[in-house]
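Guided by the hints, dock chain W onto chain P, whose structure is given.
As they're listed, the protein sequences go chains P and W.
All residue numbers for the first sequence refer to this note's numbering, where the first residue is 62 and numbers rise by one.
All residue numbers for the second sequence refer to this note's numbering, where the first residue is 6 and numbers rise by one.
Among these hints, one or two may not hold up.
To be verified - Heads up, simulated EDC-like pairs for lysine to aspartate or glutamate below, C-alpha to C-alpha not over 20 Å straight-line:
# : chain 1 : residue 1 : chain 2 : residue 2
1 : W       : 71        : W       : 228
2 : W       : 142       : P       : 72
3 : P       : 142       : P       : 72
4 : P       : 142       : P       : 188
5 : P       : 282       : W       : 139
6 : P       : 76        : P       : 188
Claimed, not checked - Some chain P residues close to chain W (C-beta under 8 Å, calculated; not the full set):
#  : residue
7  : 79
8  : 223
9  : 227
10 : 236
11 : 238
12 : 268
These are computed hints drawn from the structure, not numbers from a lab.
We treat Cβ as the ideally placed atom computed from N, Cα and C, and that holds for glycine.
The chain contents come next:
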Amino acid sequence: MAVLNSAHIIELIRKEFRLEFRQKTALAGILLYVLSIVFIGFLSFRGGIRPDVWNALFWIVVFFAAINAASKSFFAETRHKSIYNYTLYSADDFVISKIIYNILLVWVVSGCAVLCFGWMINFPVQDFSLFVLILLLGGAALAGSLTLMSCIASKTGSSYSVMSLLSMPVCIPVLLIVLRLTRNAIDGLDMSVSYSYLGGLLIIDVIILSLSFFLFRYLWKE
Amino acid sequence: MSSWWWKIAGILLVVYSIVMGFLGEVPRLDILNETIRNLYFHVPLWFAMLVQMGISWIFGLMYLTKYNPKYDIVSSRAAYVGGMFALPGIITGSVWATYTWGKPWVAEDPKLQGVMASMIVYCVYYLLRALIPDAQKKARISAVYNIFAFVMTFVFIMIYPRLAPNSLHPGNGGNPAFGKYDMDNNMRLVFYPACLGWIVMSCWLLNVMSRIKKLEYKKEFHEEII
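Isolated chain P (complex conformation):
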């Protein structure tokens, strides 16, 4: 097993950011996606929205926006670009940079969703620190599995719908725990109630991130 090269990882992450800021349309597209879904949500629930419905709606928006955001991490790679990458970087460096970048991206997307919800619908969360913790841990878990799924989906050579199809069932455990935790945060329950769920989420985080890391090297090269 090759030793990780931190210089390469940082270089790759910087490359992703530079591409992102150079194009701008991709990120703006995702943020617009979030905004328009939340607007549709606002229009559909005219008479105010119950906290449990808010919870479900919020995570559905975040989940699909995250799928959108993560899917372009490999769909954007052309064949020539990936051959170029094979010669420069090892699979481990490459996947770590992708995972870190996707985690940051999902965090940005969920932060944006929080803003949109607070602006257009409402923000019923009472325990804000717990909610932020859930967003960080849940976002990392989603990004970890979505990175691997987007790589698999891009290898099948078929459309974006395969990507959401692949990632939905493997994300169900994460989503269920996160929904349960968010309900606690909305009700402002005592932290001690949520410890077991947070522990479960942390375990799932570790499992997902390490699995994506170890499995990626079998996918990368053709």
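Using the frame of chain P, we list chain W on its own:
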């Protein structure tokens, strides 16, 4: 696996468990009553499915280390056999639930949610295999998805029900249904052979399906797999 005695043993065990499952003595318990006989059918079918999914996972791992097509054949066939055993498993469970819980599917139950999620995962796995035309690529990518998905469903079945301890399912909390059912020794005499019998039958099915797939492979690539 060319010997035949284990196949005979499997048939005998399953026939024994079916006959004794319907005719044997069972304890009279409240609510459960005669439905406790479902223990001889539902639980062994699930065990056989879990064994097949486990085999599929292990052979998926072996494929990724060796890249030998025979591992991929066994891995994918085991996933199909597992699916075949899941179907009667769900049906027997639903029939049982109709008479004890009052309805065939209780969607709030963490255990049933786990079952549903893992069924979807394996359906997506079959779909993924159908989507990729190239044989080698198909084997590699589906092995990766299989490994990831199996671990996730395992997590889902083992961790989630422990966090949400309000399951109606007997033996809840991720533990198999041994103590809770108040099984007496009479029942164990049927239950254990039933588990063993169904697992042996699922392995036989796997054996046959893998051999068919190997022949198809030979026909397609003019290359024998040992």
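Now for the hints, and whether the structure bears them out:
no.: 1; hint: W/71 x W/228; verdict: holds, 18 Å
no.: 2; hint: W/142 x P/72; verdict: violated, 30 Å
no.: 3; hint: P/142 x P/72; verdict: holds, 16 Å
no.: 4; hint: P/142 x P/188; verdict: violated, 45 Å
no.: 5; hint: P/282 x W/139; verdict: holds, 15 Å
no.: 6; hint: P/76 x P/188; verdict: violated, 37 Å
no.: 7; hint: 79; verdict: violated, 29 Å
no.: 8; hint: 223; verdict: holds, 7 Å
no.: 9; hint: 227; verdict: holds, 6 Å
no.: 10; hint: 236; verdict: violated, 10 Å
no.: 11; hint: 238; verdict: holds, 7 Å
no.: 12; hint: 268; verdict: holds, 6 Å
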